[in-house]
Amino acid sequence: MSTVDTVFDRTFDWVDQIENSNRLKVLTIVLALVVFSALPFLLGGYNQRVATYILLGIILASAYNIIGGLAGYPSFGHAVFIGMGAYSTGILMNRYGVPFEVTILTGGVIAAVFALLTGPPMLRLRGHYFAIATLGLQLAVMRAVNSIPFLGGGTGWPAIVSYGQIAFYFMFLGLAVLTIGLVWLIRRSRFGYGLRALSLNQEHAEMVGVPTTAYKTAAYVVSAIPVGMAGVLFAGWLNFVQIATVFEVELSINMILYVLLGGVGTLVGPIIGAITLEMINQYLWAQYPNLHVLFYGVLIIGIVLFLPGGLAEVWENLRDRYS
Amino acid sequence: MALIDALIGGLLLGTLFALVGMGLTLVYGVLDIINLAHTGFMIGGAYLTFVLVEQTGIHMYATIPIVFVMMFAIGYAVQRTVIQRVVGERQLFVFILTFGIAEVFRGGILATIGPNLRFLEPELPFDTVTLLGARISAPNVAMVIGVVITGILTWLFLQHTRTGKAMRATRDDAFAAEVMGVDIPFIYAITMAISAATAGVAGVFLISLQPITPEAIVLWLAYAFIVVVVGGLGSIPGAVLGGLTLGVFMRLMQFYVGSGPGLALAFFLLVALLVIRPTGIMGVEHELRH
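Chains A and B, in that order, are what the protein sequence lines are.
Everything in the first sequence is counted per our numbering, starting at -16 for the first residue and increasing by one.
Everything in the second sequence is counted per our numbering, starting at 31 for the first residue and increasing by one.
Simulated from the structure, these hints should not be mistaken for lab results.
Take the hints with a grain of salt, since some may be wrong.
[As the list claims (entries may be wrong)] Footprint (simulated), chain B over chain A, 3 or more residues, beta carbon under 8 Å:
hint: 1; segment: 107 to 116
hint: 2; segment: 126 to 135
hint: 3; segment: 174 to 187
hint: 4; segment: 236 to 242
hint: 5; segment: 286 to 296
Note that the coordinates shown come from a computational prediction; the quantities given were computed from them, not determined experimentally.
Glycine included, each C-beta is placed from N, C-alpha and C at the ideal position.
For reference, chain A alone in the conformation it holds in the complex (with noise of 0.2 Å):
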């Protein structure tokens, strides 16, 4: 690991040793990709789909660190990508008779356009103005798509598609297995040592040579890239696009809590943060569902007062109780 990583935040020692012996590294990534793949065909309907959404969870976590962790830019609008992602789908099948496997990639590419246009000016700002600025925004797009009756407006669109649910899992399996792909190899490359000097210090980072507006403005569109293609995946996969689904807030937080609980900018901390926080939400959805949003509310507050270091801390502390 480098060191920037420990200044940053805690991680997991086990991933450590795993990071620094090949044979593990190789043992690890087989059995995750094993075990993923065999689970729809182990798994009940219901679980399936607990399954799926936690392969969600990885995907906007992956894509969301390498903005609100490599880079330290914390946007509390980034859903505002899946609600682009599962509208276009909306759209591109609906009014024009795009196939869905099409709009999955011009998902991706809409993402991209829209984070190009929006990134430079939003990224200009720091702290508060950069959180209220991404947060308006989403809500500004939220609400456009909401009151204009070409783009869905409030009923929004169904989005028939053929495959059933192991399908889908797979789809979001291969979309989860690229974006971490993408972030090890941003983490390895020149442009992610920039996006973590940047995220410590922007006028040090610009004085030994790194290009801060363009690394940031790239960290920030290669992040709504896999977000927007999973909200297409998103939409195939419920049947139908509507703004309280993919345009919600929730969205935008959880992708902030998956980063927090795991630790910040590692590449393994997203993706256990994601698996915990899900297997959570979902647990809160079906046993409570009068309770959840209260639930959620209190895990929220539970998980800043009591674990602000994240799951690594927890386990110290329990390697150290143990040991």
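Following the hints, complete the assembly by docking chain B onto the known chain A.
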């Protein structure tokens, strides 16, 4: 005729925006945090009035002191027990934590009262008032009077009481205030309490004007953002200006293009304003105090 209706109606609605923004900007100024739970207090106050009126049958405006005291107490307690623990921590934590508190409000209302639209019609001895040719409904008249009184009382408290002066001193320089013997955590809690209480009062008037659901928490938070960003974060006169501006803007949009596109445009303008002039149209350089 209709245009003057929109203008006058916008200024009246603007006072409600201003009161909500005032609480948010006060907390930002003194505690240096953006409180995403702010409109949780507001909509919480609205539903508290709803429950009180439904259960006891008292006049809805008679619940204002109860809502004020309750929200004051909840705001004080939440600050002391929860928010105080992240003040000065990373802004991200504060944002997430206060969003969690807002979710507790939303979830609590959903679990007890439910997601349906709720509305209270105040009983008033008069029907409409005509001002400069514009007809103003009775609940609107009552709302403006109540909001202006609440705002002026808060202002007087800040200007003339010892605690109010300590709040302003903390806003200007927390370190110097502490050296002078100001109990900073206490001042923070009082500030949050006043902010929550005024938001609760704004909620009472909101439910007398239009039917609301718990989702109003997010919508009104977005309104409050616009108000404080237009006026400049941390500035109370700015919040008044921002509130009135937003009120007139929303009513004019409703008049010309409909309220849905108007709202979308308002949010786009918020983002644009942040990018072009983050200190607001008055240009209060709040960040300089550091």
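Q: If any of the earlier hints don't hold here, list their numbers in rising order.
A: 3
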